[in-house]
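Based on the hints, put chain B in the right spot on chain A.
One letter stands for each residue in the lines below.
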Amino acid sequence: MILNGFLTILNPESLLIILIGVVIGIVFGAMPGLSTTMAVALFLPVTYSMKGYNSFALLMSLYIGAVSGGLVTAILLRIPGTPNSVATVWDGYPMAKKGQAMKALGTGVFFSFLATILSVFALMFISPVLAKLATSFGFYEYFSIAFFSLTLIATMGGKSMLRGLFSGILGFMFALVGIAPIDAAKRFTFGNPSLLGGFNTLPVLIGLFAVSEIINAVQEARKTEKIEITIPSTKGVRGFGFSLGEFKEQVPNFIRSFLIGLGIGILPGIGGGTSNIISYTVAKKQSKHPELFGTGIMDGIVASETANNASIGGSMIPLLSLGIPGDATTAILLGGLTMLGLTPGPLLYQKCGDFVYSIFASLIIASFVMLFLEFYGLRFFVKVLKIPKYILLPIVFLLCVVGAYGNNSRIFDVYAVTIFGIIGYFFKVFDIPAAPFILGFILGPMAETNLRRGLILSEGSLVPFFTHPVSCLFIFIALLSIVYPIIKYFRGRKIVRKIAS
Amino acid sequence: MKKKELILGIIFLICGVFFCIGTMKIKLHFQTELSAKFIPGILSFICIVVGISQCIHGVAYLRTSQQGFEKKDDGKQGLYSVLLLLVMIFVYTYLLSRVGFLVDSSIMLFLLMILLSPENQRNYLMFAAISVVSTVIIYYTFRIGLDLMLPRGILG
Chain A
150 MILNGFLTIL NPESLLIILI GVVIGIVFGA MPGLSTTMAV ALFLPVTYSM KGYNSFALLM
210 SLYIGAVSGG LVTAILLRIP GTPNSVATVW DGYPMAKKGQ AMKALGTGVF FSFLATILSV
270 FALMFISPVL AKLATSFGFY EYFSIAFFSL TLIATMGGKS MLRGLFSGIL GFMFALVGIA
330 PIDAAKRFTF GNPSLLGGFN TLPVLIGLFA VSEIINAVQE ARKTEKIEIT IPSTKGVRGF
390 GFSLGEFKEQ VPNFIRSFLI GLGIGILPGI GGGTSNIISY TVAKKQSKHP ELFGTGIMDG
450 IVASETANNA SIGGSMIPLL SLGIPGDATT AILLGGLTML GLTPGPLLYQ KCGDFVYSIF
510 ASLIIASFVM LFLEFYGLRF FVKVLKIPKY ILLPIVFLLC VVGAYGNNSR IFDVYAVTIF
570 GIIGYFFKVF DIPAAPFILG FILGPMAETN LRRGLILSEG SLVPFFTHPV SCLFIFIALL
630 SIVYPIIKYF RGRKIVRKIA S
Chain B
9 MKKKELILGI IFLICGVFFC IGTMKIKLHF QTELSAKFIP GILSFICIVV GISQCIHGVA
69 YLRTSQQGFE KKDDGKQGLY SVLLLLVMIF VYTYLLSRVG FLVDSSIMLF LLMILLSPEN
129 QRNYLMFAAI SVVSTVIIYY TFRIGLDLML PRGILG
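Quick mapping for you: the protein sequence lines, in order, are chains A and B.
Each residue of the first sequence is one higher than the last, beginning at 150 in my numbering.
Each residue of the second sequence is one higher than the last, beginning at 9 in my numbering.
Only chain A is shown next, with the shape it has when bound in the complex (with noise of 0.2 Å):
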């Protein structure tokens, strides 16, 4: 299967596409202010007249640029590109400062590659297994599923878990406006035809996630400074900068890193952007050398850099066997399958095996590229770094308000995008997270639908949603996480008032 996934992708318009896409996720990545999100949903829309498999080609490399792409301005200017590369920095860029940034900048590319890759595999290997376990679920399995990620997007995505509920609620909201499931009720639509059918994923992602990150670069003009970055020297550089003993040394960081990335991008509502940090903390505690730690060692990027790349495979795990997107981008992923009129879930794989292999074999190819072109293409990237950014951020604009309005060609998903981007920049005043956003978005109406259906199989009965093995398990895990940070939460004030007195 995975060769006929290979033959389908080598044909030279597949790997330009590759090429292009991974050019266009590293500079996504590595300027400060637009993320991996972003670029996955800013280009989908140009996937709307494309091939399947070059679609899907095109939103693998640009996620695969865009997470790795972070590192370069981490390591060269101390600022993450995007969320996911917030712990390379504290190594990153000391090691720069002691002469060692082609050192530091092979570190993580070597090891994004290896990470990547390995989460590929993990994928190819765990997402069957679990897509042949998924096609016995019904209405109870997909309740109970969507439910655990709805508490642990709560409980799990940010500093404050009220914040966290809040911003899960919300996101549920706004996917109940229009027609109900079952019934045909008119919900939240005060009126207004265009809101009969509800807002569209894509307007939603590109307001939350590209226009409120423009409305916050106007409140932040005013303090814009110049960009002063040097393209670090290649002389007397060997291979990736380090030696095959340095390499030796890494492999159980590697390892722990890679696990916690994987498992870390499994679960919904935190990828790499938290897996990243997580991983860091551990190789420190970890470390025989602990206090080495953030003054520029190889340790700190492996373990960052790694765990990152690691989230993107294990987030196409639930995605792909389940048709449940692990983060935002994935979300985005899900919207671009079912633009293609697929079901993304347990019969993917029956239906549209092929398909399914062609992009793990874009995956891979994609790796590749990235590991090539963020090394030695790196005078490319800096010199782009240097497009200031009120150049870049209007062209972003014009490109959301095309990938909204071509979805439907409606001025009002125009209109969506704007409201959303008001959303967004409110979120980032006052620090709520928006990945619970999103994932209320889309796992609410999949709650809600299946547990109407559930109750109308079973009468009224809510037994079944127990006596379905799964079902029970996941609810138990989800009330579990529900309950365990309010008994935290109360410990910690008994600890503080003890201490008080």
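Derived from the structure by calculation, the hints contain no laboratory data.
Every residue gets a Cβ at the ideal spot worked out from N, C-alpha and C, and that includes glycine.
Hints should not be assumed to be uniformly reliable.
Claimed, not checked - Only pairs whose alpha carbons sit at most 30 Å apart, straight line, appear in this in silico DSBU-like list of lysine-lysine:
#, chain 1, residue 1, chain 2, residue 2
1, A, Lys335, A, Lys397
2, A, Lys643, B, Lys11
3, A, Lys637, B, Lys33
Unchecked claim - Here are the simulated distance ranges between beta carbons:
#, chain 1, residue 1, chain 2, residue 2, range
4, A, Gly394, B, Glu127, 28 to 36 Å
5, A, Asp580, B, Thr149, 35 to 43 Å
6, A, Gly490, B, His65, 28 to 36 Å
7, A, Pro401, B, Tyr102, 57 to 65 Å
8, A, Ile605, B, His65, 35 to 43 Å
9, A, Gly443, B, Phe46, 18 to 26 Å
Here is chain B on its own, set in the frame of chain A:
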């Protein structure tokens, strides 16, 4: 801002009440096992609870936060720019189907570049050239290359 937490709680609460009123206004056509009001009702309730909790947290934060240095910033100027941008976007969207993508977007791009750039880095001629060229490239890439219909307006 010390009051930020409390303001946020009030916003949550207002949203919860708004959802609650919206839920009550849903008209049901027929009775099912679980009505279309059930989930919005539950969400409204949670939102109100979250709002009250956030308000309590906000009040506690106000009490415990130490008096002293409060950062003065030039936030007002930024807020005016944000409001100006939003007005510009709404006017742009309103005119999009009437004036057409090419003209409307070129002007919008030019104005956006002025709004986003620091005063000492404004090069009006370059901004105008980039605005027109990039709008034309995007228009023809999507219209001819990708078969996407964009409003033609006065040039139609």
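Checked hints:
1. A:Lys335 - A:Lys397: Cα-Cα ~61 Å, so violated.
2. A:Lys643 - B:Lys11: holds (26 Å)
3. A:Lys637 - B:Lys33: Not satisfied, since the Cα-Cα distance of roughly 39 Å exceeds 30 Å.
4. A:Gly394 - B:Glu127: 28 to 36 Å: Because 54 Å falls outside the window, the suggested range is violated.
5. A:Asp580 - B:Thr149: 35 to 43 Å: At 37 Å between Cβs, range holds.
6. A:Gly490 - B:His65: 28 to 36 Å: violated (47 Å)
7. A:Pro401 - B:Tyr102: 57 to 65 Å: With a Cβ separation near 60 Å, Pro401 (chain A) and Tyr102 (chain B) satisfy 57 to 65 Å, so the hint holds.
8. A:Ile605 - B:His65: 35 to 43 Å: 40 Å Cβ-Cβ, so the 35 to 43 Å window holds.
9. A:Gly443 - B:Phe46: 18 to 26 Å: Between Gly443 (chain A) and Phe46 (chain B), where Cβ atoms are some 51 Å apart, the hint is violated.
Hints 1, 3, 4, 6 and 9, counting from the list given before, are not met by this structure.
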